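Visitor: Protein sequence lines correspond, in order, to chains A and B. As numbered in the working numbering, residues 1 to 115 make up the first sequence, in order. As numbered in the working numbering, residues 1 to 115 make up the second sequence, in order.
By construction, these hints were calculated from the structure, which means they are not laboratory data. Note that the structure is a prediction, hence the values are computed from the model and not measured. Cβ atoms here follow ideal geometry from the backbone N, Cα and C, with glycine treated the same way. Treat the hints loosely; a few may be bogus.
Pairs of lysine to aspartate or glutamate residues, derived as DMTMM-like cross-links and limited to a Cα-Cα distance of at most 25 Å, are as follows [stated by the list, open to error]:
1. A/107 <-> B/54
2. A/61 <-> A/88
3. A/107 <-> B/87
Short derived list, chain B residues pointing at chain A, Cβ under 8 Å [as the list claims (entries may be wrong)]:
4. 33
5. 38
6. 39
7. 41
8. 42
9. 45
10. 103
11. 106
12. 107
13. 108
14. 109
15. 113
Listed here are the chains, written in short residue letters.
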Amino acid sequence: AQSVSQHNHHVILSEAASLELGCNYSYGGTVNLFWYVQYPGQHLQLLLKYFSGDPLVKGIKGFEAEFIKSKFSFNLRKPSVQWSDTAEYFCAVNGVGGGADGLTFGKGTHLIIQP
Amino acid sequence: SAVISQKPSRDICQRGTSLTIQCQVDSQVTMMFWYRQQPGQSLTLIATANQGSEATYESGFVIDKFPISRPNLTFSTLTVSNMSPEDSSIYLCSATPGAREGIQYFGAGTRLSVL
Chain A
1 AQSVSQHNHH VILSEAASLE LGCNYSYGGT VNLFWYVQYP GQHLQLLLKY FSGDPLVKGI
61 KGFEAEFIKS KFSFNLRKPS VQWSDTAEYF CAVNGVGGGA DGLTFGKGTH LIIQP
Chain B
1 SAVISQKPSR DICQRGTSLT IQCQVDSQVT MMFWYRQQPG QSLTLIATAN QGSEATYESG
61 FVIDKFPISR PNLTFSTLTV SNMSPEDSSI YLCSATPGAR EGIQYFGAGT RLSVL
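Here chain A stands alone, though its shape is the one from the complex:
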């Protein structure tokens, strides 16, 4: 069965600090990978996705993620965080051709950015 592991459940950073959130997955096949974000009081939004091609993908608001197949990882990064990045971040996976597949989510990382 597929699973997603996010390493940090709570992260507190100061503004302008660099961010890296870890995500590892277990899946028996080729995968699609996603990072979703949930800002306080808002619904889940897609930050970025990896389907194929360049393993370094860029998303909205200056976020990027790197797919490392050999490590089954898809870590999220941002070089300089802002107070507005305070949110819950979820890594998720489904199978290739997976528009028909539901997502398997990690437990989420609660990120707090201090001014």
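Take the given structure of chain A and dock chain B to it, following the hints.
Guide: Frame of chain A, contents of chain B only:
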């Protein structure tokens, strides 16, 4: 993309009763899904709502407890039946516009509390 509306946004229900949650998409979509997010937990896929046929349930979820309807390409309902306090969760609807696209868009969720 797709904009998803869920009703109700929250409800408080008595043990033993049932609640039906509605999910409306602003465009025709191929796939619709229902998830549950229990307090402090990640999102767990309940089922895939198939248009014109019975829903496909994940392990641990059964039709008698979570009957799902999908009468057309823009609408689905999830019923939480014979509720107990353990059913207190956020229930989320998502949709994929095209099976090949693979991106799921989420509603704001329904926060259910069972007394």
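Visitor: Does each hint fit the structure? Answer for all of them.
Guide: Here is what the structure says about each hint:
1. A/107 <-> B/54: 29 Å, violated
2. A/61 <-> A/88: Holds, at about 15 Å.
3. A/107 <-> B/87: 19 Å, holds
4. 33: 5 Å, holds
5. 38: Violated. Min distance 11 Å.
6. 39: 12 Å, violated
7. 41: At 7 Å from the nearest chain A Cβ, residue 41 of chain B passes the 8 Å test, so the hint holds.
8. 42: 4 Å, holds
9. 45: 4 Å, holds
10. 103: Holds - the Cβ of residue 103 of chain B comes within 8 Å of chain A, reaching about 6 Å at its closest.
11. 106: Status holds, d = 4 Å.
12. 107: Because about 6 Å separates residue 107 of chain B from the closest Cβ in chain A, which is inside the 8 Å limit, the hint holds.
13. 108: 4 Å, holds
14. 109: At 7 Å from the nearest chain A Cβ, residue 109 of chain B passes the 8 Å test, so the hint holds.
15. 113: 18 Å, violated
The structure is inconsistent with the numbered hints 1, 5, 6 and 15, although it conforms to all the rest.
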